[in-house]
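**Student:** Protein chains in written order, with my numbering: chain S, 1 to 292; chain Z, 1 to 295; chain C, 1 to 127.
Since the hints were derived computationally from the structure, they do not count as laboratory data. Remember, it's a predicted structure, so these values are computed and weren't measured experimentally. Take these hints with a grain of salt, some might be off.
Residues from chain C that keep clear of chain Z, each with C-beta distances beyond 10 angstroms, as calculated [unchecked claim]:
id, residue
1, Thr14
2, Glu36
3, Val92
Computed footprint of chain S on chain Z, listed as stretches where at least three residues anywhere in the stretch have a Cβ under 8 angstroms from a Cβ of chain S [claimed, not checked]:
id, region
4, 33-45
5, 77-88
6, 96-103
7, 110-123
8, 152-165
9, 169-177
10, 260-271
Below, computed lysine to aspartate or glutamate pairings styled on EDC-like, alpha-carbon distance capped at 20 angstroms [to be verified]:
id, chain 1, residue 1, chain 2, residue 2
11, C, Lys16, S, Glu237
12, Z, Lys70, C, Asp35
13, C, Lys80, Z, Asp264
14, C, Lys71, C, Glu59
15, Z, Lys8, S, Glu251
16, C, Lys51, C, Asp35
17, Z, Lys10, S, Asp182
18, Z, Lys10, S, Glu237
19, C, Lys16, S, Asp154
20, Z, Lys61, C, Glu36
21, Z, Lys61, C, Glu122
22, Z, Lys8, S, Glu186
23, Z, Lys8, S, Asp183
24, C, Lys51, C, Glu36
25, C, Lys71, C, Asp35
26, C, Lys80, C, Glu111
27, Z, Lys70, Z, Asp242
28, Z, Lys61, C, Glu59
29, S, Lys115, S, Glu178
30, Z, Lys70, C, Glu111
31, Z, Lys8, S, Asp182
32, S, Lys115, S, Glu186
33, Z, Lys10, S, Asp81
34, Z, Lys10, S, Asp154
Virtual Cβ for every residue (Gly too), placed ideally from N, Cα, C.
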Amino acid sequence: MAVAEEIRASSETLLDTKAPRKPANMGQILRWLLLFLGGIAMVMPIVYMISTSLKWPHEVYNVNLIPNEPTLENYTFVLEDGRFYGWFINSLIIATITTISNVLFDSLVGYTLCKFRFPGRYIIFIAILSTLMIPTEMLVIPWYLMSQQFGWLDTYWGIMFPGLMTAFGTFLMKQFFETVPDDFIEAARIDGLNELQIWWTVAMPLVKPALAALAIFVFLGNWTAFIWPLIVTNSVEMYTLPVGLSTFGDEADVQWELIMTGAAISTIPTLIVFLIFQRFIIRGVVMAGLKG
Amino acid sequence: MYRNLSIKQKQIVWAWGFLAIPILFYVIIRFYPTGNAMVISFQDWNLLGSRTWAGWENYAKLWNDPVFWKVFANTFLYLIIGTPVSLVISFVVAYHLDKLRFMHGFLRMLYFLPFMTSAVAMAWVWRWFYQPVPIGLFNNFLADFGIPQIEFLRSTTNALPAVLAPAVWAGLGFQIIIFMAGLRAIPRSYYEAARIDGVSTWTVLWEITLPLLRPTIVFIVVFSSIGFLRIFDHVFNMTTNDPGGPLNSTKPLVLMIYQSAFTDFDMGYAAAQTVVLFLVLLAVSLLQLWLLRDR
Amino acid sequence: MRSNYSSYWVNAITTKAEGEKYDAAVKFMQYVTSDEAMQIWLDVVGELPAKPSVGLTEENANNEVFGPFIKGLAYANTTKFVNESAQRQILVDMVERVNLAGADPAESLAEAAAAEQALLDEFYASN
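This is chain S alone, in the form it adopts within the complex (with noise of 0.2 angstroms):
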């Protein structure tokens, strides 16, 4: 978007740079204690989450957040079923592969858009980040035709093909190559390297941070997608992580410590990449969301 030239290119270092300070008068200590009750509302779902699905069922419906005999017999109970296993392993799979395509393929996309000059390279452009601006909503019946076609419902690949690029990415990774000086490309060339390796091993690394955080951008993405893989898939082995828990929350009814707990078995990997990785990812989600 437009927004990108506006705000200072290196805004997302500026987050890591401190307020100025100040003495600590009631209005601060006001304000600090106020933005932290609401941060502590902010997780409360995600800790009554995990508190209930740590609970006997007989506690559910009591109001307190610890448990008063915490149990992993939950998680025993919904791990033994199997199926939760199987749905991790092919989110695992779904969003691994997809993100791997998106890095490689966006961004040779981005840097050929972006490095050479060649007729049609406008309208290639435009073409690609017109895309943008169309509902996946309204593929998902054509892609599903097409599927059914070819005998793709209900596949790995069925899953994956519709996201394999995205208009995002491509423009993400064209902004950022535009930083990377073409003195560095045209002495690669000097030096006799191919144009195939020029992108890899010259233009590659300079845009390390860009290609971590469309990585991290597709791989949510595709972790918690369901529209699309709850409509291609219908046999239980080959749901992903939120089609799955859609329908054992149906079949759970009213057990609501083993609902948690499949909520919770879906929501805390990520949640503990992001405690590992927070100041990267932090900046990697301003970065795609000023220059995407």
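Given the coordinates of chain S, work out where chains Z and C should sit on it, guided by the hints.
**Tutor:** Frame of chain S; chains Z and C shown alone:
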């Protein structure tokens, strides 16, 4: 043969070589289906029988379907409530968080955490919160304080905001981070100058901060509006026993599309709805960009 | 007019079944449709047999528990589902109009009947 090409020509060959697979992808997976959806919207087809031309019949059916108008209104309600509420909350939090040093990273983490969750998982968590006593958390709290029960999901008036709440909640973290980046990008010298002139905090906010944040606000408004117009995961999972209910009070356009296509197998009708969704998204994005354009 | 309600299960072999699996499926279908299996199903599960040759044996038809039900099958009708989830939704909405929107039960029923008829009309017009 390649050897005889000039450097410029070689570049063209490489460029098209790099683009070959992606172009194929975009044509087959993006452009063809777009056209295909539009074509199907003019056909009558239930997946099994024959495809017959229906002209504008699907659109006429849509126009005369009271459920469609209800759904259309719901979809805009999600937008009209969701966007301003999340914009105001995220700005207020970002504005104040920006002024704090103590445990800044920790507070930011608290606000951002919900963004990393899966919509389906959180829809089920919130669905549990909303249950009546003795099950649901919210009503249990109300009962502890002796406040009458609130029907959240089983109510034609409360259900839509109740379904919307987790969607707003999950998106706040992203918007707060974007706002903070926007705030940090405003040059300090502006504030210094204002301070020297002795301008009040409110004036600084209205005359300096908000105007300079305009691009950030445009981005967040467009981004979140598109998200709310396409709401599906939360509604689907919070109302599985009566999809989009009660009495269609929570049904958004995407859920209606899903039901028309994959439970009624009325492909032409569903495709016509997707065309409407496309036009709505296009109109809303263009309208907002125009309203918030630089003067 | 005498009418009674009944519903039924259908078991079938998918078109994708081949070879050994297909043969096994055929064998299984032959068994579950046999008089013997239906009698077991009635005795153990308590669901009524589909074949008159089992249902109308002297013993079953005069059974203290099943007898009246089996005799009732003679004038039983089953709901014709042209779109099961849509038809279920009509009933759900009918009840909720009364419970949540305070509609008059008779009016709500009439509205549901009209909706059901519209759904059936649309189905039979296009099929």
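**Student:** Hint by hint, note whether the structure agrees.
**Tutor:** Going down the list of hints, with the structure as the test:
With a least beta-carbon separation of about 15 angstroms from chain Z, threonine 14 of chain C lies farther than 10 angstroms from that chain, consistent with its non-interface assignment. No Cβ of chain Z comes within 10 angstroms of the Cβ of glutamate 36 of chain C; the nearest lies about 36 angstroms off, and the non-interface call holds. With 10 angstroms as the threshold on Cβ separation, the claim that valine 92 of chain C sits away from chain Z is violated: the shortest Cβ distance comes to roughly 5 angstroms. Counting residues of the region 33-45 of chain Z whose beta carbon lies closer than 8 angstroms to any beta carbon of chain S gives 5, which reaches the threshold of three, so the coverage claim holds.
With 0 residues bearing a CB less than 8 angstroms from a CB of chain S, the region 77-88 of chain Z misses the requirement of three and the coverage assertion fails. As drawn, the region 96-103 of chain Z meets chain S at 8 residues by the rule of a beta-carbon pair under 8 angstroms; at three or more, the given contact holds. Coverage of the region 110-123 of chain Z by chain S holds [criterion: at least 3 residues with CB-CB distance below 8 angstroms; count 13]. With 0 residues having a beta carbon nearer than 8 angstroms to a beta carbon of chain S, the region 152-165 of chain Z misses the requirement of three or more and the stated coverage is violated.
Coverage of the region 169-177 of chain Z by chain S holds [criterion: at least 3 residues with CB-CB distance below 8 angstroms; count 5]. Given a C-beta distance limit of less than 8 angstroms, the hint that chain S covers the region 260-271 of chain Z holds, as 5 residues qualify and 3 suffice. At roughly 18 angstroms between alpha-carbon atoms, lysine 16 of chain C and glutamate 237 of chain S fall within 20 angstroms of each other, so this suggested pair holds. A distance of roughly 53 angstroms separates the Cα atoms of lysine 70 of chain Z and aspartate 35 of chain C; the hinted pair therefore is violated under the 20 angstroms criterion.
This hinted pair checks out: lysine 80 of chain C and aspartate 264 of chain Z have alpha carbons roughly 15 angstroms apart, not beyond 20 angstroms. With a CA separation close to 12 angstroms, the supplied pair lysine 71 of chain C and glutamate 59 of chain C stays within the 20 angstroms bound. Restraint check for lysine 8 of chain Z and glutamate 251 of chain S: not satisfied, since their Cα atoms lie roughly 63 angstroms apart, outside the 20 angstroms limit. Proposed proximity of lysine 51 of chain C and aspartate 35 of chain C is supported: the alpha carbons are some 8 angstroms apart, at most 20 angstroms.
The straight-line distance between the Cα atoms of lysine 10 of chain Z and aspartate 182 of chain S is roughly 17 angstroms, inside the 20 angstroms bound, and the hint therefore holds. Of the pairs offered as hints, the one joining lysine 10 of chain Z and glutamate 237 of chain S is violated, with about 48 angstroms between alpha carbons and a cut-off of 20 angstroms exceeded. Proposed proximity of lysine 16 of chain C and aspartate 154 of chain S is supported: the alpha carbons are some 14 angstroms apart, at most 20 angstroms. At most 20 angstroms may separate the alpha-carbon atoms for a hinted pair to count; lysine 61 of chain Z and glutamate 36 of chain C exceed this at roughly 52 angstroms.
Restraint check for lysine 61 of chain Z and glutamate 122 of chain C: the C-alpha separation of about 12 angstroms stays at or below 20 angstroms, so the hint holds. The suggested pairing of lysine 8 of chain Z with glutamate 186 of chain S holds, with an alpha-carbon distance near 13 angstroms, which does not exceed 20 angstroms. Restraint check for lysine 8 of chain Z and aspartate 183 of chain S: satisfied, since their Cα atoms lie roughly 16 angstroms apart, inside the 20 angstroms limit. Of the pairs offered as hints, the one joining lysine 51 of chain C and glutamate 36 of chain C holds, with about 11 angstroms between alpha carbons and a cut-off of 20 angstroms not exceeded.
This hinted pair checks out: lysine 71 of chain C and aspartate 35 of chain C have alpha carbons roughly 18 angstroms apart, not beyond 20 angstroms. For the proposed pair lysine 80 of chain C and glutamate 111 of chain C, the alpha carbon gap of about 19 angstroms is at most 20 angstroms, so the pair holds. For the hint pairing lysine 70 of chain Z with aspartate 242 of chain Z, the CA-to-CA distance comes to about 16 angstroms; that is within 20 angstroms, so the pair holds. For the proposed pair lysine 61 of chain Z and glutamate 59 of chain C, the alpha carbon gap of about 55 angstroms is over 20 angstroms, so the pair is violated.
Restraint check: the Cα-Cα separation between lysine 115 of chain S and glutamate 178 of chain S comes to about 8 angstroms, which is no more than 20 angstroms; the hinted pair holds. This hinted pair checks out: lysine 70 of chain Z and glutamate 111 of chain C have alpha carbons roughly 17 angstroms apart, not beyond 20 angstroms. In summary, the hint linking lysine 8 of chain Z to aspartate 182 of chain S is supported, as the alpha carbons are separated by about 15 angstroms, within the 20 angstroms threshold. Taking the CA atoms of lysine 115 of chain S and glutamate 186 of chain S, the gap is near 11 angstroms; set against the 20 angstroms cutoff, the hint holds.
A threshold of 20 angstroms between alpha carbons decides the hint, and for lysine 10 of chain Z with aspartate 81 of chain S the separation of about 58 angstroms lies outside it, so the pair is violated. For the given pair, lysine 10 of chain Z sits about 43 angstroms from aspartate 154 of chain S by alpha-carbon distance, which is inconsistent with the 20 angstroms threshold.
Taken one by one, the earlier hints fail for this structure at numbers 3, 5, 8, 12, 15, 18, 20, 28, 33 and 34, listed in ascending order.
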